[in-house]
Structures are given as structure tokens and as C-alpha cells.
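Could you build the full structure based on these sequences and the hints that come with them?
Just so you know, the sequences run in chain order A and B. Once you know that position 41 of the first sequence is 41 in this note's numbering, the rest is easy, because the numbers rise by one and skip nothing. Once you know that position 152 of the second sequence is 1152 in this note's numbering, the rest is easy, because the numbers rise by one and skip nothing.
Calculated Cβ distances over 10 Å to all of chain B for the following chain A residues: (1) Thr5; (2) Val47; (3) Val125; (4) Ala135.
Short derived list, chain B residues pointing at chain A, Cβ under 7 Å: (5) His1342; (6) Ala1344; (7) Asp1345; (8) Phe1348; (9) Gln1352; (10) Thr1359; (11) Gly1360; (12) Pro1374; (13) Met1403.
Simulated from the structure, these hints should not be mistaken for lab results. The model shown is predicted, which means the values in this text are computed figures rather than measured ones. Idealized CB from N, CA, C, for every residue including glycine.
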Amino acid sequence: MSLPTTEEIIEDLTFFDDWEDKYKYIIDLGKQLPAFDDKWHTTERLVKGCQSNVWIQPGTEGDLLTFSVDSDAIIVRGLLGLVLAAFDHKTPKQIIDFDISAYFQALDLEKHLSPTRGNGLRSIVSRIQNIAQAAV
Amino acid sequence: MSFDVLAIREQFPILKRQVNGKPLVYLDNAATTQKPQCVIDAMVDYYSNSNSNVHRGAHFLADQATRGFENARDLIQQFLNAPKREEVIWTTGTTESINIVANGLRTLLSPGDEVIATEMDHHANLVTWQHACKEAGATLRTVPVTDAGELDQAAYESLLNNNTKFVAFPHVSNVLGTINPVKSMTEKAKKVNALVLVDGAQGAAHGWADVQDIGCDFYAFSAHKIYGPMGIGVLWGKTSVLESWPVWRTGGEMIATVTLQDATWNVLPYRFEAGTPNVGGAIAMGEAVRWFSELDQEAVLAHENALLAYATEQAEAFEGLTIIGNAKNKIGVLSFVLEQGHPADLGFLLDQQGIAIRTGDLCAQPLMSRFNVPGTARASFSIYNTFDDIDALFVALNKAKTMLS
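Laid out in C-alpha cells, this is it:
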């Protein structure tokens, strides 16, 4: 998997001064996200939003927590890519210590994490953080 | 009288603002309409000059507030062509109005009784009846929706029988824009002596809420979808039905006498209005229906029909787009899906371009399943929208499509 790091993402996204370039980047990131195994599209893995659905499959690799994610909306997949850059293949402590709000603010995308957005992104972030807490 | 859309727009201060650096194009009117200055002024004036609790204070402001509040009730009565002012109950909105009826119905139903709702209903007019039926051991039946997005009238007739105690359907579908034949559906229900509730959330804003003409027993609607404020709405019910309908919340205003062990209920409309009401909201709702009723209704309808026709024409020519809901009688709503993008993606990309639409299941999940879509993108129009707004929608949609392809 070759997702960019959070530093690279911040550098890339803050470089764009045009919303179109920014959203194209997010869409591309959504397309690059590793494929989600279709057998994981189950209700237990589903985080239902009223606008779009998100699925998550947590796992481990040694001391690291891993996450596979999917959404039926490509922009949400892209936003999930931003989240995975911060949380995938990280230790529980790294996940807990990471300031996701500051990161989304730096990307000027904090509105997507707000509770008014029914896209499931906020729920996914909480779920990942809870998994990390439980694993400490 | 005639209709000048630019003069109408002038009365809505919010339409002058920008969003994401672009002029706001507001096409989410089925969710809530914007408010004209006179409605905003009515609210501000109430809190600036008349604020007081109603019906109980022996002083000047209390009298003034009560007069304004009860005068607003008269305005709603006229708007609904209701026989009596006492039949107009203030609620927090359509959902509460429906819940008042469902709460009573729960205690009136017996096992074996049947209630009819529709596949087209939004959750407030479906889940409430599910709940009431479950508690009473009654059976909920639903009228299916045809491919065109109309209620299947033959199926409806076949569902009606002597066990049918209650029927509820929307005046206008929030997802499809379908205008239902509420009068004939009510007539059919009356042949089996069922009570009828019309969910007017999407119907009232088009000026067709004549309850005597429809012949229903209950009509529910919200102020905020008809140019009024949020948090206030109306349940209208026939006196003969409401008088004995089980009370809803208990507490001040709805009580006549109280001892430590017992209480008797106040007369209509107060027996359903527990606690301090939303006086400022009621006054502003009265102003909203007054403002709306004074417009040339034929010209308003012609404008709304022209907007929908223009939008539909562009949608039909747009490659990859499928309209959800092609009822013959339709108003105000263009729901669609696009091959190149999920509705949520379209919502994000239109928002960036200053276009406000609604996306998702639109609080009508069974209807989404019926059309086998995860959700729709919905543009909904109001009297202040213009052809330019619709052009802007399709320019933005084209950009979104290119970005998603």
C-alpha cells in the first residue's frame, strides 16, 4: 500500500488554492485506496450515515493496528484515505496521540468531521480511537 | 395581481449572501424554505415589544401577547379553511402533530384493527404508525408506489376494508414531488369509516390545504416549510374527533381543574397545548401564511410549474442522469441519481459551487429501497427560485460529473 503520509497530504493539499484541485486530489485518493473485500460489506462493519455508508474492518500486524475501509461515495473514500494516513499501520499509542481535529483543520476540511455531516466519517474516527484505547 | 420573482427575492435577506465565495443558490426548499423579512420582523417585534406569557397575566403585555397568539390561530384557520378556530392546535411541527394523533390512536386500536400508511411516507409519517400498531397489536398495511412514483390507487382500494380504522398519507411526497389525490383517497377511506390524516409537510406551501374540501380528519404541517420559523407547526383536527381524542402531554394550560389526586382537561384547543407555547413562533407563522396567502396563487403555481418543467427538461437531456419520480401530478421536487457519482459526492461538489441541495435517503428509506437507490440528490424549488438558479445547478452538476468521471 502506498498511501501518502499525513505530512505529504498536508503539503499537497495546502499547495492547492483552488477547490477543484483539492477535491480532485481527494477523489484520486479515494480511487487509490486499497480494494475492500466484498465479503466485508456486512452490517456489523457498516457505519450508516444518512448521506453515505462507510464500512470498516480492523486488524493487527504485530504491534500495529490496521484498518480497511470503504464507502459508497468516492469523496468519502478519499476522506477515509486522509484518515487512514493518520491511523493505519500505527501503534495504539500513536493513534491516541494523533490530533485528528488539528490535522483536518490544517487541511481546511474540518467541516467533514463536524457532527452535522451525515457521512459517517466522524463515527469511523471515534471507532478507530476506541479500538486503539482498548488495545493499549 | 401578478408575480414578480425579483420583487419576491428582494424580501428574502438570506438570498443576498454568498457561500464558498459564490452567490447562494438555494435549492433545498423541501427541507426548509427561507423567510421573508416580514416574518423575521414579526418574530423580532414580538420579542422587542410584546413578549409575555399568554392567557394568564393580568397586565398589558400579557393581553397583547395573547391577542397576537390567538390572532395567529385565526390566520391559520382561514388558511386551512377550517370550520372552527378551536380546531387549530399549535405544535412544534409536523412530526409532533403526527405524534399527538399516533399517541391517541395507540389507545384506540385493538388487535385485528388495521392502519394504512404508504411506501412514500417520510419516517415521521410511518414509524409513528408502526409504533402505534405494535403497541396496540394492530396491523400496519402500506400502499405501494408505482414505477412512476405514484401511489397505486388500485392497491390502496384493495387494502381498505371494515377493519381499517385509520389511514395516513402525504399530501406531496418529499422525495418524488408527487401530488397525491388526497380528496379521492379520503373519500375512499370514508366509505369504510376510517379516520384520515393528511401529512401536509410538503403540501401546505403550495396553498392547497383546504381541509373541508379534502374531507380529512387531521391535517399536519410545519411553519418552516411555508416561509415561517422553525419549531412551530399545526395539527388541525375535526372538533368531533379532537374533543374525545386522548390527551398528549399533561401540564399547564391543558388543565381545567386540579386536585391533588385528579385533574380535568381544558377545552379545545388548549387540551393539547401543555406548557408555555411558542408564542413568537405562532405569531410569525401567522404572518407567514398571511404573507403567502396574499400572493397571486395562480401566478405562484404557474411559476413553480415552470421551474419544475425547465429543470426536468434539462435533467432529461443530461447524460447519465436518471430522474426518480415521474408522476403526472408533480411539484417542486427534482430527485435524481447520476451514473458518475454517488448522491453524497454530488452534494459535496455542488456545495463547493454555492449550490444547496439535499442528498441521501431523505428520511424515506423504504422509498429508496423501492427504487433500489442508496439515496438521491434532490433539488427542490420555491417561489423565489429563478431559471438562473436552475441553469447554475446544471452547470455545477456538469462540473461535478467531469470531476467524478
